[in-house]
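Trainee: Based on the hints, put chain B in the right spot on chain A.
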Amino acid sequence: MTFEGIKQLLTAHFGEEVVLGEETGGLQPALLIAPDRIADVCLELRNNPATYFDFLACLSGVDYGTTANKFGVVYHLTSIPYQLQLTLKISKEHGRDVNDLPSFPSVSEVYRTADWHEREAYDLVGIFFENHPDLRRILLPDDWEGYPLRKDYQAAEYYKGIKID
Amino acid sequence: MSTTALERYHQKIAAAATQDMVLNMGPQHPSTHGVLRLELITDGEIVKEVIPHAGYLHRCFEKHAESLTYQQTIPFTDRLDYLSSMNNSHVWVMGVERMLGIDKDIPKRVEYIRVLVCELNRIASHLISIGTYGIDIGAFTPFLWCFRDREHIMGMLEWASGSRMLYNYIWIGGLFFDLPVGFEGRCREFVDYFKPKMVELNELLTNNQIFISRTANVGILPLDVAINYGCTGPMLRGSGLKWDLRRIDNYSAYPELDFDIPCGQGLMGTVGDCWDRNKVRVDEIGESLKIIEQCLDRLQKELKRTPDFDPRAKLPRKITPKAQDYYMRGEGSKGELGFYFMTDGKSEVPFRVKARGPSFNNLSVISEMSKGIMIADLIAIIGSIDFVLGELDR
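Residue numbers (this note's numbering), protein chains in the order written: chain A, 1 to 165; chain B, 1001 to 1394.
Chain A with its partners taken away, still in its complex shape (with noise of 0.2 Å):
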């Protein structure tokens, strides 16, 4: 299936306003999805027969940097029976103030490798995943401060009083 067969589809079942754009001037192309329908838009694109992506390669939070103060998750997506690969897109303008994170919905129970990916993106970047089974920090110790994919992030002098160089 081709990426606009893919495109219509989704907008076919979730109508119009579930893809809020498409990205294909660079080598792979993109969807950029509405990011409450994430997860709705990942277990239609997993079960159905026609595309059938069964399979979550990435998921990577990003951090788009202290001016556009947007943040955003991209998921590659595979499809083993058709070989093809899909990117999907979701992100919000936000706030940088650590406590008050962005959030998703999670995707984990669509695809179960979203959960440590999910609390990874969490650990480092700072992105709140609705719905998530244990989100927990999985890199960095829990009570470790702030989120240090973060662009504006300040490298920690001390870490419980033991200095970090």
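Possibly wrong hints are sitting among the right ones.
One side of the interface only, derived from the structure: several residues of chain A facing chain B at Cβ under 10 Å [stated by the list, open to error]:
no. : residue
1   : Val19
2   : Glu23
3   : Asp54
4   : Cys58
5   : Tyr64
6   : Thr66
I should point out that these hints are in silico values taken from the structure, not numbers from a laboratory.
Even glycine gets a Cβ: it sits at the ideal position worked out from N, Cα and C.
Mentor: Just chain B now, with coordinates in the frame of chain A:
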């Protein structure tokens, strides 16, 4: 915001029944050397739940990659899966080359040398996996044999690159050096020496009755679960699916080479058990040897070394890919290794890099695979996953 999840976790540990025991299972597989902690809730010898804790080795690969240029990051990719560094830098370099649009201009000789060293490194990685898996099960001799044979590969790659484990050899637009004079001959000697050694190893370990009893029908990973958890490489192929990115994506020189994709068939028990996963690695060593022989044939006959051959001729002066994002994937020794690049088109430093390590996804299935098993079988299951913590923690 995640305090509720943290509380839930503490609650789960605290709520273990009085006859349950909460055990910490420490470093066990040699490639985890002390940085993976598994928390087990056990009832007698039965494992009720496994909670993995990662992150002790975290060395900020993504943070580094977002503050260094593309060439400067190549040595850091070597440190992801340090047992097969060549494969990591190959994927990284191919991704950058494709973003620059120079991937079609790479000389054939360079492509074949890349495939040659990658497959040598894949054999070295699988030898560690098989040897240490023998130790997990209680067999010591295969471990020594595997390390003895791996040492020959280490010696050859050290000769080519000047470094023992972290090679920094495959470079954007080519290679750091050409192969040393006489490398092909020595490599051929190794292949001839190594083939009978593999037969011996199979007699001693793979077809050993004790080994079979410990691994067959243990840790069965059904195919749908493997796909859902994002398992790749020998984990996925052990469950019976012929999915190898060397064939699916046809990158580098692989489309011109003849090799098969081994997958688990359940010869000793059920498809997707520990024995199958180990067997896939054993068979892959044979396929890699086939690839190496074909590469040597081409390198010695058609793509001979010439005095004016410059392995770095295609290296661009300034590496600034245009603004785009690109996900490059390749078959590392553990499975699908992917790099997701976001570039802004102006700077020599990528805006965002995400490394998708196969070990990260392969390990995430452990709690699913180890419900209601014996503690001793957990050892066999962990060993059969063959993860490297450098890739898990990054």
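Trainee: The structure should be examined with respect to each hint, and the outcome stated for every one.
Mentor: How the hints compare with the structure:
1. For the restraint placing Val19/A at the interface with chain B, the shortest Cβ-Cβ distance is roughly 18 Å, beyond the 10 Å limit, so the hint is violated.
2. Nearest Cβ of chain B to the Cβ of Glu23/A: about 8 Å, under the 10 Å cut. The hint holds.
3. Because the closest C-beta pair between Asp54/A and chain B is about 5 Å apart, less than 10 Å, the hint holds.
4. At about 4 Å, the closest approach between the beta carbon of Cys58/A and any beta carbon in chain B falls short of 10 Å, and the interface hint on this residue holds.
5. Hint status for Tyr64/A relative to chain B: holds, with the closest Cβ pair at about 9 Å, below 10 Å.
6. Because the beta carbon of Thr66/A sits about 13 Å from the nearest beta carbon in chain B, more than 10 Å, this interface hint is broken.
When held up to the earlier numbered hints, the structure conflicts with 1, 6 and fits the remainder.
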